[in-house]
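Sequence lines, in order, name chains W and U. Position one of the first sequence corresponds to residue 1 (this note's numbering), numbered consecutively onward. Position one of the second sequence corresponds to residue 1 (this note's numbering), numbered consecutively onward.
No lab work stands behind these hints, which were simulated from the structure alone. Using N, Cα and C, we set each Cβ at its ideal position, and we do this for glycine too.
Here are some, though not all, of the chain W residues that point toward chain U, as calculated from beta-carbon distances under 10 Å:
id : residue
1  : Ala45
2  : Phe55
3  : Ser62
4  : Thr77
5  : Met122
6  : Tyr124
7  : Val125
8  : Leu126
9  : Val152
10 : Ile154
11 : Leu235
12 : Asn239
13 : Phe290
Residues of chain U clear of chain W, computed beta-carbon distances all greater than 12 Å:
id : residue
14 : Thr60
15 : Gly67
16 : Leu69
17 : His76
18 : Asp77
19 : Thr78
20 : Asp82
21 : Arg85
22 : Val96
23 : Pro159
24 : Leu170
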Amino acid sequence: MSGNESGPTGDASTVRRRTATTRTRRRGVAPTARRTATRTGQYAALLAYLAFLAFPFLWLLSTAFKPPREIGSLHPTWIPEAPTLENFRQAFAEQPLWAAAGNSLLAAAVSALLAIALATPMAYVLARCRTRLSRAATGWVVISQAFPLVLVIIPLFLILKGLHLVDSRTGLILVYVVWSLPFALWMLTGYVRAVPAELEEAAAVDGAGRLRTLLSVTAPLLAPGIVATALFAFLTAWNEFFFALVLLKSPGKQTLPVALTHFLGTEGVADLGPLAAAALLATLPSLLLFAVIQRRITGGMLAGAVKN
Amino acid sequence: MATAPRRSGKPAADPAARTRRDHGAWFLVLPALIPILLLSVGPLLYGAGLAFTDAQSGRTRATRFVGLLNFSDLFHDTLFWDSFRIGLGWAFGVTVPQFLLALGLALLLHLPLRLRWLARALAIIPWAMPEVVVGIMWRLVYHPDAGILNETLRGLGLPGADGRDWLSGLATALPAVVVVGIWAGMPQTTVTLLAGLQHVPRELHEAAAMDGAGAWRGFRAVTWPALRPIALSVTALNFIWNLNSFALVFVLTDGGPGGRTRLPMLFAYEEAFRYGQFGYAATMGLALVAVISVLLAFHLAGRLKGADDR
Chain W
1 MSGNESGPTG DASTVRRRTA TTRTRRRGVA PTARRTATRT GQYAALLAYL AFLAFPFLWL
61 LSTAFKPPRE IGSLHPTWIP EAPTLENFRQ AFAEQPLWAA AGNSLLAAAV SALLAIALAT
121 PMAYVLARCR TRLSRAATGW VVISQAFPLV LVIIPLFLIL KGLHLVDSRT GLILVYVVWS
181 LPFALWMLTG YVRAVPAELE EAAAVDGAGR LRTLLSVTAP LLAPGIVATA LFAFLTAWNE
241 FFFALVLLKS PGKQTLPVAL THFLGTEGVA DLGPLAAAAL LATLPSLLLF AVIQRRITGG
301 MLAGAVKN
Chain U
1 MATAPRRSGK PAADPAARTR RDHGAWFLVL PALIPILLLS VGPLLYGAGL AFTDAQSGRT
61 RATRFVGLLN FSDLFHDTLF WDSFRIGLGW AFGVTVPQFL LALGLALLLH LPLRLRWLAR
121 ALAIIPWAMP EVVVGIMWRL VYHPDAGILN ETLRGLGLPG ADGRDWLSGL ATALPAVVVV
181 GIWAGMPQTT VTLLAGLQHV PRELHEAAAM DGAGAWRGFR AVTWPALRPI ALSVTALNFI
241 WNLNSFALVF VLTDGGPGGR TRLPMLFAYE EAFRYGQFGY AATMGLALVA VISVLLAFHL
301 AGRLKGADDR
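Extracted from the complex, chain U is given alone in its bound form (with noise of 0.2 Å):
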């Protein structure tokens, strides 16, 4: 916020002797840039080129370059199509109701409550767990017979709980992966929102009640213009990470079951390290780049929005 005039509005005495400190400050960058261009920048250009070959892991034949014949296969292939249209349900699936109860989850711990040591000593639990940890607890949680959900159920009579695996259940499972989804990204959405609102001007809520503006209207014409460029940003960024997700979901289904839970990248990461595909993998990869792109716009946008607005 205020960085930018501060770095401008100070020059130093002498403009050629900063510029010489800077020149200078070249060599500080080395250290990150070069293992940055050789193991990250290099390989995703690598990856992008990949994708119009037909590479294979271990045979002899060389790889040999084939156009957009991979995009066609691509277009072509009902199982990717499948698991895109999974994969779009699943990242909407999380990410909506997920900012919908973070906002409110963030209002609501903005107030002077008495338990909201207990909500951010609690919201470490999911944000700091390890993904692979997070599925296998929530396998505890899901199981047909040992599970304390089905015993829940039971307890409350609601019929259909004996015995039930959500995980296994064609109709089933992608809504349990998506609550488990919700569980485990709460907590930094939370924390992002509640940041957002700290930086609500408080001057503005106490004029809007001076008009005699009741929490909606105070939440409608204050908090959410205010909110709206981190909102969307957040949200952006939430819907690329859960399409791009990968451990979690493996490690409840595996993709299963009958492929109703096979995220993009699960698929992707089949037809690569299973089936030795890379050069189609990669397409796969390169595809949803596309998508990723537009939503990575919106981020932007929502920041450089929020930067104008101040």
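Same shape as in the complex, but just chain W (with noise of 0.2 Å):
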């Protein structure tokens, strides 16, 4: 955007006549230079978003990196003197780490498994049958992703305590699993979508049936979008926060992004350096995960946006 040519909106005469005194006036003020002009505008605007992006993730880096006496410092630096793993090492003997990381790691895997089993059918079902259903699994989809989450967990809570499942790893897997459905369910249905009918037609005609033609025709072609989908459940269940937090109380059983508080309960400077470690280390696998599925998920999402 150039952004010189802003004024009033007029019928179509008016705009052909402005823009036309515009384009003279471009012409006498040497195109190339405004140009130039321009280009350098817009590099310097994507620069600052790139600054914007990086800039504290990368004071995250430093510091994790930085010995106490410089984490200290009253002038802080971007690059370590005397970088050290002193941070790391110290963050475990802190806190019950290794156990937080399996503890995410379980409810994660286990709770993205699940929930591609369960929603692979009925996403099929979603997409390829027109049933007053699948109107209100959209509508539910979308409702879920609009609630405030304490008005389910309070119920939740309630319902897992009667089941004796409140601070046990069970617990939260169910509500993982339930939670990760509608996200799942809307990326799958897009997948089945993208699978042609015909060949499940043609299958038909030869005689197999829907189980038969889902099994042998349609899952072979859908392999890449249910990785994809069980991957980015795995890591909506890795990051999350709220339900980990009000379900288990245990500090051997918690996930590690509570763990991750338990170095905030002390403002100390000292502890700086541990909790920039600890918290490098919970998002390398989440960072990794989602570079790779990173293209997926956006497609999947500009589908959902665009398209529903």
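Two chains, two frames, a set of hints: combine them into the complex.
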């Protein structure tokens, strides 16, 4: 946007007249110089955005590798002068991070697998059959994304308490399964729609039943979409905080995001190093996985935003 | 877009056979439907019901139905209204600048610029990070002594940066968390808008350019009308998500200082799980639902309009 031709909107002839004058004016003031200026402005804006995106993360990196003396310095620097792994050692000594990572891994992996197993058949039906159910399901997907979680967690807490599943990893996994179902359904339905229905109809003409068709024709074509959805469900559970905070009390059962908040207990400068180190470690799996599936997620989100 | 005509325009050879197959499909729905009903729809209704009771944690007396008592309490609860105002301020403060920045950025990334790949690669960072880590990271940035923000401001010779604790200042806390909110949600918004831009037919731009439209006029006449339904729906959804946010601000300030960043969700969490007031917290949730429903209507209107226009 060069933003110089703005003005009140008029009818078509005014538009043409106005733009015509701008064009002559432009030609008068060396068009290439103007274009270079616009380009420079565009790159400046892009660089500003890149800096805005990167600087907190670079600061986290820097802090994680600094010795306490440098963190405590009144004039902190970007590059650690004496980089150290001491913060990582101390982080593991202060909090049961391995156990927390294990709990996170368990909850995320099991809930992702269950969510996929439950959602795939339903997504197939939603994509292929025009029933009232698919309208209801679409509505529910949108609503469940928009609900204040506190309204869900109180009854869930009471229900799980009745089942003796509060402060239990099983209870958390149950919640995660149901919580990741809407998005899993949404993504998977999109992936099923991308498989041409003609292929299935051909199989049906050959006498295959719906289940047979589903398993032998659709499932193989759907595999990449299923993997992407599973990884996304895994990531959501890996990053989740609110349910884990409310449902898990024993330190040995807590997940990584909850364990991280224990570093915030004391405000002393000395704790910033281990805090940064632990936070960095908790992020690495997410960043790696997300980098792998980013394109697919983007595609899925787009499909949702543009089409649905 | 093309899905509806494709599905309806391809009738199976034998309608009866098709119906038979569709009835068989019900079995495929049950594995997901039962957990959804038991652990999602059920609890939602239960939660809405709790709003009309005096349910509390850890007491022996039975829970009683109290009608609209919680609602009248809520109406007179100045702390709730404070938190509601803060929540609206936060949601506006994050959603609107974020949308404008993301729109500008999406337009920028739509151009053939050299560093687009880097923007895409870096955008993964805020998107994939756990909210807790985002909060921790920004606490390190905002830290009064060891933070890079104050050091940068000092370096630029700006006054008032020495030892300023952004997250604890009564005046600075809310703006400080709003900046983090904007940072955390930028990538999603940008990518969605960029996708919308890529769906604007190129011929329209060419036609506008032939008519001599400049960049701004081209945007007003061609890009924006095509983008508007997506923009409306994205903004409404973002607003709702922001109104519901919890983890980010919980980690950054835990609602402080003096409740200046106590978003409605933090308030409801405190009521429910620090003071055990389940019924009252559920009432807060339900009150938020009323606001959210209006926004959701906007979001759906945006989607439906998008479908009509095509």
